[in-house]
Amino acid sequence: MFDVQKIRKDFPILDRKVNGKPLVYLDNAATSQTPKQVIDVIVDYYSQYNANIHRGVHTLSQEATDKYEQARQKLQIHFNVAKSYEIIFTSGTTHSINIVASGFTSLLNRGDEILVSAMEHHSNIVPWQMLAERTGAILKVIPMSLEGELLMEDYDKLLSNKTKLVFCNHISNALGTINPIKEIIEKAHHVGAAVLIDGAQATPHIKADLKKLDVDFYTASAHKMCGPTGVGILYGKEEWLNKLPPYQGGGEMIDEVTFEKTTYAALPHKFEAGTPNICGGIAFGAALDYMNAVGFDAIAEYEHELLEYATQQLLEIDGLKIYGTAKNKTSVISFNIEGIHPYDIGTILDKLGIAVRTGHHCAQPIMDFYKIPGTVRASFGFYNTKEEVDVLVDGVKRAKGMLQ
Amino acid sequence: MQIKEIQEEIVDEFSMFEDWMQRYEYMIELGKSLPLIDEKYKTGDNIIKGCQSKVWVHAELEDEKLVFTADSDAIITKGIIAILIRVFNNQRPQDIIEADTDFIDEIGLKEHLSPTRANGLVSMIKQLKLYAVAYQTQLN
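Sequences listed follow chains A and B, in order. According to numbering that gives the first Met the number 0, the first sequence is numbered sequentially starting from 0. According to numbering that gives the first Met the number 0, the second sequence is numbered sequentially starting from 0.
Just chain A, with the same shape it has in the complex (with noise of 0.2 angstroms):
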């Protein structure tokens, strides 16, 4: 049974004040806040076995490397992936994607093509035009609706033989679309081109099943799902992470070294220079078991049932403006008022403990495309409440009332 106030009993941070006020959090899509599971965890690690990994042969190094390894597993089978080494640990979903582009440039020719969405993050559309320019690719972009849905027949038409790679976010972080992405891989396996589908957004709210879905890269980010900063994963088919590359040199990503050559680690290690966030992953894995133990369907109905209700109580607000109205969405509702710059909104609801962002959201290509400088967003998890919601709308109101 979902008992919303027993779970954000779980979560410390719920608990202080901002500016005097209790701390209404609903930044999520930015970063989601830590359980006491998780803390405990991370706390455990550095008190009681924090070591190398993949290297001692002392007691403590093994108990390390045993949790890590576990965790490696957790993942596997929460996003149903055949081999544990096709979970490559990274810092995030920003160096899981530099990982990909990276080792594209070595298969791309010139006239290639790169598919991208049009409501990318920043961290999704600059490595590809990074690697575009490198080899001589064309980076081309698949449309939107002013509802923020993807245009799918446009995606049809640009998709060719020349297509080699397409990119796009399972949900948009700026609007919270989520995208059609079954249909996007499908059909661009059919002309023969890669997949990767940035899943930092859905993976707080949705499981994704990665056999399923037939994608050839996925990535996530643990500080979106209830786990620490600085650790992520990189999902790929091992066809296709035996291809590319490793990405850094450097120890544990070897086999052998010699001056003249060095013949690299097989999967995962290959793509796992240095000594990683151990106790990072570690967490991660423990993130994943608290968000199972809640269950991610129970997440789904009550966080549409915040954003329903969000939505509606924000909407009676005269002049209010909602960007992203896909039929399809999770619980992101990025807006402006008429007339107030977000940035004002954003410091008035600061004043008042709550926490939204303002600004571009790292995704200027979607502000130019409805002529905003930004949105405020509220982004609710599964910890929010009704309540919550209210202190929000009302805020607005009274931001409202000063600024105009």
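It should be emphasised that the hints constitute simulated quantities derived from the structure, not laboratory data. Predicted, not measured: the structure shown is a model, and the values here were computed from it. Quick reminder that beta carbons are idealized off the backbone N, C-alpha and C, glycines included. Please note that the accuracy of each hint is not assured.
Unchecked claim - Pair ranges (Cβ atoms, derived):
no., chain 1, residue 1, chain 2, residue 2, range
1, B, Met15, A, Ala50, 29 to 37 angstroms
2, B, Asp44, A, Lys320, 29 to 37 angstroms
3, A, Asn108, B, Asp99, 56 to 64 angstroms
Fit chain B to the given chain A structure using the hints.
Using the frame of chain A, we list chain B on its own:
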């Protein structure tokens, strides 16, 4: 009035407010009274980088003193720049260069100095001082 005196005057004004709401309402009022920049100076060159909102500043030298005009698309930002301009307007460049800005702490705007505001206030102060340095060089 000297820079220090104007700063003390502003600190006095702000000390009368009982809570943040009154402070912000006053800042919003100040924003509305900001000496607006001529549209022709609202160019990319005059935009202060590092702010979440757009801020344009222009400076001219009159009788060896600097006259500032500015604008922003966000009203609270306009209030902040209005306070800075009130402090630095009609002052000699050398005095602006040497002035400290500790009064910002005292009027409860310290939060705008934090890097998460994309250094808005810090960038603004830097820009006003850069103008002063540029005109001082011209005077020397």
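Kindly confirm whether 56 to 64 angstroms is satisfied by the beta carbon distance between A/Asn108 and B/Asp99. Holds, at about 59 angstroms.
For the pair B/Asp44 and A/Lys320, does the Cβ-Cβ distance stay inside 29 to 37 angstroms? holds, 32 angstroms
Taking 29 to 37 angstroms as the stated bounds, is the beta-carbon spacing between B/Met15 and A/Ala50 within them? violated, 60 angstroms
Checked against the numbered hints above, the structure breaks only hint 1 and satisfies the rest.
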